[in-house]
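There are 2 protein chains.
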Amino acid sequence: MPLLAEFDFAALTAALEALGADAWLLFDFRGINPIATRVLDVHGMATRRFFVFLPRSGPPVAVAHKIELAPFEGFPGEVRPYAAWRELHAQLEPLVRGKTLALETSAQDGVPYLDRVPHGVVQLLEALGARVVSSAPLVTRFASRWSETELAGHRRAAEAIAAIARDALAWAGGELARGITVRETGVQQRVVDAFDRAGLVTDHPPIAAFGPNAANPHYEPRAGGDRTLAAGEVLLLDLWAGVSRGAVFADQTWMGFAGRTPPPEVTRVWEVVRDARDAAVARLVERWRGGSGPPVTGAELDDAARGVIVAAGYGEWFVHRTGHSIDRDLHGSGPHLDNFETADTRVLQPGIGFSVEPGVYLPGRFGVRSEINVHLGESGPEVTPAAPQRTLLLV
Amino acid sequence: MPLLAEFDFAALTAALEALGADAWLLFDFRGINPIATRVLDVHGMATRRFFVFLPRSGPPVAVAHKIELAPFEGFPGEVRPYAAWRELHAQLEPLVRGKTLALETSAQDGVPYLDRVPHGVVQLLEALGARVVSSAPLVTRFASRWSETELAGHRRAAEAIAAIARDALAWAGGELARGITVRETGVQQRVVDAFDRAGLVTDHPPIAAFGPNAANPHYEPRAGGDRTLAAGEVLLLDLWAGVSRGAVFADQTWMGFAGRTPPPEVTRVWEVVRDARDAAVARLVERWRGGSGPPVTGAELDDAARGVIVAAGYGEWFVHRTGHSIDRDLHGSGPHLDNFETADTRVLQPGIGFSVEPGVYLPGRFGVRSEINVHLGESGPEVTPAAPQRTLLLV
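Residue numbers (the working numbering), protein chains in the order written: chain A, 511 to 905; chain B, 511 to 905.
FYI, nobody ran anything at the bench for these hints, they're computed from the structure. Any given hint could turn out to be false.
Stated by the list, open to error - Far from chain B by the CB rule (all over 10 angstroms, computed), these chain A residues:
1) A594
2) S657
3) E669
4) R784
Unchecked claim - Here are some, though not all, of the chain B residues that point toward chain A, as calculated from beta-carbon distances under 8 angstroms:
5) Q633
6) F850
7) P873
A virtual CB, placed ideally from N, CA and C, is assigned to each residue, including glycine.
Build the full structure now, drawing on both the sequences and the hints.
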């Protein structure tokens, strides 16, 4: 498929107008900017610099090296080759002089994922007479927006995953009650089998963690080294899948407890984490309906969730961001719910989706995470699955 | 081996003084800066930002993420962990405020290989009170300098390679004269066998190209699709190898002609290319002895070689840089002889090495390249092999 074959140029015109920019300038050199190669869907060997100029109006222009023109075959616009660096500058200058250009930069490296253009390239463009602004809203719009088909697939996966998670946790508790050994990899296998039956695909088996293993946010069970479930332990199950390869996955975490009467602190931490999760969603709903104030950002929702956990005295144990962008990549290139690891002040635009997954991890004891997804539709936020976990599953 | 185990901190002090900088600040995020990972020799998963501060005096400081401290075990200095971005900024500020810091930047992207730090990171450091300068001379000094052992290994490889090239070209001409079919892959194989006997290692078979194939600077012979030598054709042989894996390789190109009387244009192009090669070396020797004027750069030697070819009317057909840095990588991270593909204004410092390999490529007809290497010792330039090719080998 030629480059930009499915690109929505009309939407780009509107987005550039909203941004006050004349063009989106996609730069790459040896893969330094994965956003450029993702948006263009460019493949093949690239050892020289290229610049693709997508203007508010008029045809796109690619400035590419003479010996690396092959990836630009079928480019929907003009291809201007260069060999010597003076030719590169001569090609760029008339394109950029006096223009405001959006590039993958992020003020003070606030969002490192978005900060992909070397300092010297910005200097060069400024020396050629351009003004450089961040392409953040363009990346969100053109790399992270879900199509209607993708949304439908995500919904179907989300409901199936929720049922599979409830079943797997209940099964583990039932086996334990009957005196049968239950291992983390056993729960994992039950989920993988259920994915197969449901026609879901994933890129990695789910994470099942019992008791203290749930207190390690990076835990993965390994056959032979995994834990056996004991009465009185929490069960954490983090699972993700989609209706096909390249689909928008659903990504959820469910929590269980092996027994009838969890210790008060387990119940307390569960409620704090659940309320933190719901506080992020409530803030989004409220800000969306209100329609006043500055646009809502991923950082603001992280603050909303984290505030609940900090107020409850567990802030020190919530050691990661609240959520991540989800698009054709499970960890997408849109805004993350993050004002902790990074300062993600990107605006949450209609059409995108993300996870909401606060957690509290008490080393050596237990951990609790609760994860749902949100799609921000034109008419407001939609949570998947439709019925998120309200209470700790007593299994 | 721990990070920086063999790093020459005394030399760093001198280099930072010469540069007028207080520290070298090595930044990386997900591999965006391969120079940082090369200098530190850091391995393992890296998904978060790190900054390694190598000051003019005092111990080094690494600022690294709490969940990615493993690569910094044994670090010869202080490791300051961070989790939240505000902690990162708080760790950085006292290190950088009021300091002049060298980072992998290149003014106006003159040398893209060296321009590895995102614009937002430079903004952040400036906002925290630092001044940023290019680390170019530090990269040359600490990533590209040859040790005495490496120089000795390079010399041995260079002399062996020169003999192997002469032998292989003479053999090809002799076979042809006896009516035996000679293929490009046959010459290639003869060289590979000779490398084995000489105890040399390489990462890729040599390039053997006959007649019009020599006019393609990217040509590689493939078994079955390669050319058979005919009388009256040029032979190009580009071969590289070292005394061991990770050694500093020697990299040469030798030219032959199948017959006694080459056409005048073949002789003419050979002489132009050879004289261009020697003009680059002569310029270096002259500038080195003279000791006046600004330090000599890779760009200046490219201009010297290219000037000879342009003056002879073949400038349009010299489509690549004059030479590349050679260090533990065949294409090293030091200065290239290049004012064509890029503007490599890095200074040629004692201790480094590079190829000198101008070429003229006449599409569909023939091509000529001549390649030698230069090590810039403390007492001046040394060409390898000791006796470079003076005349076209008539074979």
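How the hints compare with the structure:
With a cut of 10 angstroms on Cβ distances, A594/A falls inside the contact zone with chain B, its closest approach being about 5 angstroms. With 10 angstroms as the threshold on Cβ separation, the claim that S657/A sits away from chain B holds: the shortest Cβ distance comes to roughly 28 angstroms. The non-interface label for E669/A is consistent with chain B: the shortest C-beta to C-beta separation is roughly 31 angstroms, beyond 10 angstroms. With a least CB separation of 23 angstroms from chain B, R784/A remains clear of the 10 angstroms interface cut-off, as annotated.
A cut of 8 angstroms between beta carbons decides the hint on Q633/B: the least distance to chain A is about 5 angstroms, and the hint holds. For the restraint placing F850/B at the interface with chain A, the shortest Cβ-Cβ distance is roughly 5 angstroms, inside the 8 angstroms limit, so the hint holds. A least Cβ separation of about 13 angstroms between P873/B and chain A goes past the 8 angstroms threshold, and the interface hint is therefore violated.
Going down the numbered hints, you'll see the structure goes against 1, 7, while the others check out.
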